[in-house]
Amino acid sequence: MSFFFVILALVLTLGLTWRYLGSYMEAVFNGRVHWLGFVERPVYRLLGTSPEQEQTWKRYAGAMVVFSLVSLIFTYVILRVQGSLPLNPQKVGAVGPALSFNTSVSFLTNTNWQNYGGETTMSYFSQIGALTVQQFVSPAVGIAVAIAMVRGFARRKSPTIGNFWVDITRCMFYILLPIAFIFGIIFVGEGAVQTLAGTATFHDVLNGVTQTMARGPIGFMESIKQLGTNGGGFLNANSATTFENPTGLTNFLSIYLLLAIPFALTYTFGKMVSSVKHGATLLAAMVLLFGIWVGFTSYGEHQNNPAVAKAGITATVGNTEGKEVRFGDTQTALFGVASTNTSTGSANASYDSFNPLGDLGLLTGMMMGEVTPGGTGSGLYTILIYAIIAVFIGGLMIGRTPEYLGKKIQAKEVKLAGLGSLVMPLIVLVITGIAVSTVEGRAGPLNRGPHGFSEILYAITSQGNNNGSAMGGLTGNTAFYNIVGAIDMLVGRFGIIIPALALGGALAQKDVVPESLGTFRTDNSMFVGLTVGVIVIIGGLTFFPAIALGPVVEQLTHLRFF
Amino acid sequence: MLVHLRRSLVMAVICLVVFGFIYALAGTGVSQLLFRNQADGSLSANGSTLIGQPWNLTKCPGHPLGSCVFQGRPDDLGPYADTEKNNPSPAGHPGDDPLALNGAAGESGATNLGPRSSTLVTFTKQLVKYWHARGVIPTPDLVTTSASGYDPDISQKDALVQIPMVAQATGIAPAKLKALIVSETQAPQWGFLGAQFIDVLQLNEGLAALK
Chain A
1 MSFFFVILAL VLTLGLTWRY LGSYMEAVFN GRVHWLGFVE RPVYRLLGTS PEQEQTWKRY
61 AGAMVVFSLV SLIFTYVILR VQGSLPLNPQ KVGAVGPALS FNTSVSFLTN TNWQNYGGET
121 TMSYFSQIGA LTVQQFVSPA VGIAVAIAMV RGFARRKSPT IGNFWVDITR CMFYILLPIA
181 FIFGIIFVGE GAVQTLAGTA TFHDVLNGVT QTMARGPIGF MESIKQLGTN GGGFLNANSA
241 TTFENPTGLT NFLSIYLLLA IPFALTYTFG KMVSSVKHGA TLLAAMVLLF GIWVGFTSYG
301 EHQNNPAVAK AGITATVGNT EGKEVRFGDT QTALFGVAST NTSTGSANAS YDSFNPLGDL
361 GLLTGMMMGE VTPGGTGSGL YTILIYAIIA VFIGGLMIGR TPEYLGKKIQ AKEVKLAGLG
421 SLVMPLIVLV ITGIAVSTVE GRAGPLNRGP HGFSEILYAI TSQGNNNGSA MGGLTGNTAF
481 YNIVGAIDML VGRFGIIIPA LALGGALAQK DVVPESLGTF RTDNSMFVGL TVGVIVIIGG
541 LTFFPAIALG PVVEQLTHLR FF
Chain B
1 MLVHLRRSLV MAVICLVVFG FIYALAGTGV SQLLFRNQAD GSLSANGSTL IGQPWNLTKC
61 PGHPLGSCVF QGRPDDLGPY ADTEKNNPSP AGHPGDDPLA LNGAAGESGA TNLGPRSSTL
121 VTFTKQLVKY WHARGVIPTP DLVTTSASGY DPDISQKDAL VQIPMVAQAT GIAPAKLKAL
181 IVSETQAPQW GFLGAQFIDV LQLNEGLAAL K
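First to last, the protein sequences are chains A and B.
Take the first sequence: its letters are residues 1 to 562, numbered as in the numbering used here.
Take the second sequence: its letters are residues 1 to 211, numbered as in the numbering used here.
Some hints could be false.
Said to hold, decoys possible - Distance condition first, Cα-Cα at most 25 Å in a straight line; then the derived SDA-like pairs of lysine to any residue:
| id | chain 1 | residue 1 | chain 2 | residue 2 |
| --- | --- | --- | --- | --- |
| 1 | A | Lys58 | A | Val414 |
| 2 | B | Lys125 | A | Leu357 |
| 3 | B | Lys125 | A | Asn304 |
| 4 | B | Lys129 | A | Arg560 |
| 5 | B | Lys178 | B | His132 |
| 6 | B | Lys59 | B | Lys176 |
| 7 | A | Lys415 | A | Pro425 |
| 8 | B | Lys178 | B | Leu65 |
| 9 | B | Lys157 | A | Tyr299 |
| 10 | A | Lys157 | A | Gly406 |
| 11 | B | Lys59 | A | Thr201 |
| 12 | B | Lys211 | A | Val209 |
| 13 | A | Lys157 | A | Asn304 |
| 14 | B | Lys125 | A | Leu556 |
| 15 | B | Lys176 | A | Arg560 |
| 16 | B | Lys157 | B | Gln196 |
| 17 | B | Lys211 | B | Lys125 |
| 18 | B | Lys157 | A | Leu206 |
| 19 | B | Lys129 | A | Ala309 |
| 20 | A | Lys91 | B | Lys125 |
| 21 | B | Lys59 | B | Lys178 |
| 22 | B | Lys59 | B | Arg36 |
| 23 | B | Lys211 | A | Asp204 |
| 24 | B | Lys125 | A | Leu559 |
| 25 | B | Lys125 | A | Gln303 |
| 26 | A | Lys310 | B | His132 |
| 27 | A | Lys277 | A | Val11 |
Since the hints were made in silico from the structure, they are not lab data.
So that you can see chain B by itself, here it is in the shape it has in the complex (with noise of 0.2 Å):
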């Protein structure tokens, strides 16, 4: 019992340095070595690639907010704008505010509403109103938030739909918007991993060159 208990303290401190620090440490150093840019958040002038961003608070004006750009999953929109309110819990369910906004990092996650949630029903409906609203017919994506709250990526039908809205707001020819669309498309990764997708913040970048 006692050979028992003075293995275990020596086997827990060796763990503790081994496991934790040197392949933490080690891991860290390579890191930012090799990929110091993505060991960093992959972070650009206007942010993270890897980031979504809530795009529906940009200012346009003489149009709505938020028509004047292309907008990513609704994560911060309409009823999901301020989970709070809508999630009560002390505990926090882990809202969509992943990125506060007031300077602290929140919580990653999702709505957790099930398939059978009449207030998914009802949320979900209020942003078919919203994007109705701005001339968009919109696609499943663009109504029903990520898994993380922060999904940097739509569809490139998720973005065609949105043509309408961005023409009217910033007067570029829709031609001109969907050969952009094409040409910020990712096809899946080696041709089968994942699915095919947008950067939105890349398609921004794109626009605002356009303009």
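This is chain A alone, in the form it adopts within the complex (with noise of 0.2 Å):
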């Protein structure tokens, strides 16, 4: 019952989100707000540009692809020399150099991917100046860029795109900061830890323990890592830890927090194109088949644990292995998907220990290519992709030229469309091969049998889709998955993020063709229908052999333990 409140309560709050955030970032991107302009305009004097200076394409993109190997350089520098940094109370020595590349990558590509633990590796300069950046900043360039392929369908005959040091400016100033921090001061307010004073040590007289626990700058990185779809926690345990999701109140604000902006772009991508429909139909389908995830998935966690139960227990229903009791199953199970299929990739959980059905519903939420809602703006920018494969399928279904936005989709957006739509499952597959055919890869599960297979799959497909979400078992710090995993997040990210700006330069020097009677209506429940076929058939005919040797198998071999 409380689940059904639960759910009700997100439809109304995300409802609102939706309309109304979604018409803010409308109007940020489009210039019309002003509030922090007496900070936004020293940033584009010391940056030497303003809103007027628009880029091409290939200037938007080229300035993405700098401004993104500059952040990996320093996050990267920090997480080196953190030992002799200040902020480092707990006297952690350097990273790494290969935990600090796949550290850095993953940070700035979203994926906030995690080969460490957080309180014992982490000085809190690298968690503030090194990670806590990354979040605000990759979200920001996500957003921009979807911002930018939209600007693609909304304008006529233009040779550019927009600025894109004005695009992150304003989304990081106007969107992700003043937000992050309202929801910092509520997540502290219900328990979360937010101190610069190192370890607490206490010693209980009840029953004589004495006990050293990690704190830090948590509250804060909190909100920005659920706001930003990021993921990457301060402690090893991420949100299932009290210090950073203490209560039923902060684990639904997550929730809310990793749906609210990729499911508002859905209205500013309507609102900037003059057809608000047309982004509810997007938003239809996201929401289509997310109801359905949830569904799938607090079903798979709802059953018990079948090791649980052949040790004889079997007394009440609920997977209750890696779960901590404040969140309840089902609640555990709603939080997985929404991380899983935002691009988020936090854990209130042990993923590991989810029941076959459940781990099968959080990595297909991931193959689907993370639109569903997906991440901040990778989200909007790849289910647009996944829409322009859907017009075009549908002129092919009734033999017209495809149109999308009144844009006539020809062969050079459909190139881009399926070069954008088919690099992500490429790259999975190709390095999964790998790890499964090599004794370094091999040498990472923690379970056995099919079990430790969905363990390898499921880490490289998390940093292809730049999610982050993993199955903890798996030993993610060596050498072999630090590299291929770092390959695996690069290209996931830049392999769509640069199609995407292309389709959207492309797309900004048509004209507009004037609808007719013939037109394929891109604007109908028919259409969300396509679109969720499209999702459904790229993501489950690609992946269908994959999952079947993993939580497939493991489902139905009864009674059988590895």
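Mind assembling these two chains? They're in different frames, but the hints should get you there.
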């Protein structure tokens, strides 16, 4: 029953957010929001740019790539020299080269895959200056790319698609900063820790035990971690720990924050192309798939854990292994689905201990290419790529030149969309293949049997989709997994961003074709179905053989333990 | 290209200052001002209400270890007492040693054992045996470890099944223990967020007051 109220509360809050945050973001990116002008203008002055200086898609992409490279170097250097920097009360040393590389790529690409345990590896300086900074920057880059691509649909015969510097500045100052700050205060009020004072040691006279606990500036990292669909927590166990996610309310707010921007961007899209109905159509496709995945995964986790049942404990329902009492099994699963379907990857449970059906839900949520609703920005630009493919298929069926929002979708656009949709499955399947056929790769899993294969597949899928969710049993901090993981993340990010920007650039140059009776409608339930079909078929067909060897086999091998 | 590079460097510095240090320091300032206790980790005389403790180590004269208090999730119990032994990997499969007892903070984390792991079956059987030896018919929470490795809470049912053990070791009447458990039970937040739970530290503080 309480699950029903949680869903109801989510629908209500996200519905309002979709409408109002969506329209606010449109105003931000079209330069009608100025309340932080006193910060915004000096930033442009320092950068030597202004909103009037528009860029072609190539310059936009160039700025994005160079900025990403510089961010990568900044993060890497901070991690390598953290031992000599201040704000290091636990006196942790430098992070090793391979792990630093993997971690800087991970936070740069909005993946937040973590091959380290935060409380024993990272200084406060690194958590604040390297990781939290990227938790603002990487969603801003994702959203900027999505907005630039949308401008391609919104503009006519325009050589330019916006200014990268202006877009990310506006995104970080007007959208991410205020929301993250307010929710940071709420998280701390509920019990999340926010201190620079280092660890705390206490002695309990009731049981005679002395313990030391890790603390740090956690609460404010928590809010941007969820809002920016980042997912990289301060502590190893992420949102399962009480210091990151103390109560049922913070658990709910985490889920809300994960979904807020990715859903609301469809409204922003609709408003920018002057057809909110088109935005609502994409929203409907996202919500439909998201709802199915919530139901499926919650059902999976509401079943008993087979190993625990085998040991003779069958008294109540629900898989409790690797879960926290205060959340309950279904709200834990809801968090898991929200984090894997949004490219966040934060975890409030051990996904490794999920039942096979639960893991199947999380894994396939990522395999659909992170569009339900996907990450901040990445969800929108990826679903637009799928929408172009859907339009193309629809056009083939009725024998007309496909159009989307009055723009002719021709060979060039279809090729770019095809590239954008195939990069992720390609890199994920190739690297999984390499991992299972090398000794280094096979050394990773903790669990044996199909579950061990799932751990590898899950890790590579998660990084290729820039998600960052993990089945924690895999030992990822090895030279092999650090390096192939970094390649996986880089290709998964830039292999889609660059075709997306190229699409934006190509579309912006086109004129709008007037709508006629024969135009294939792209704002009705028929198109929702077609888009959902494309997402499921691309994700499903490419990955079915892989998931059949993992969670599916595990579910079907009744009564066998490995 | 050069102009991209110059702008990137300037932007990276701005971000480091504003979204790194100003954000985190202003956040810490506001938190310490408004919610000092929470921001420091909800500490009280006997520890933090947010951090689980190894209650199984409590000395109970004349009775088995840990039988005179209510115990939490078995994150440090039986087969999970020393994860280094179970998971010898140097990378450290995040073990169940989150609050190392040697004065250094360890890592939070779960066992990460899958639902078809024969190790999990063996470990769970050992925990069932542990509880049976203390006259407790365990619930799933009492034989499965948490996600953080220091879940401070148990459900009402997890506490109720421990009544025979605690009553025998402390001599307190079961009815009194039951009343204590009911009074310590916290409903889901706002009636629907999360699940019903009991904070084990608060429960044992209540128990100490009964003694």
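Hint numbers the structure violates, sorted upward? 13, 15, 17, 20 and 22
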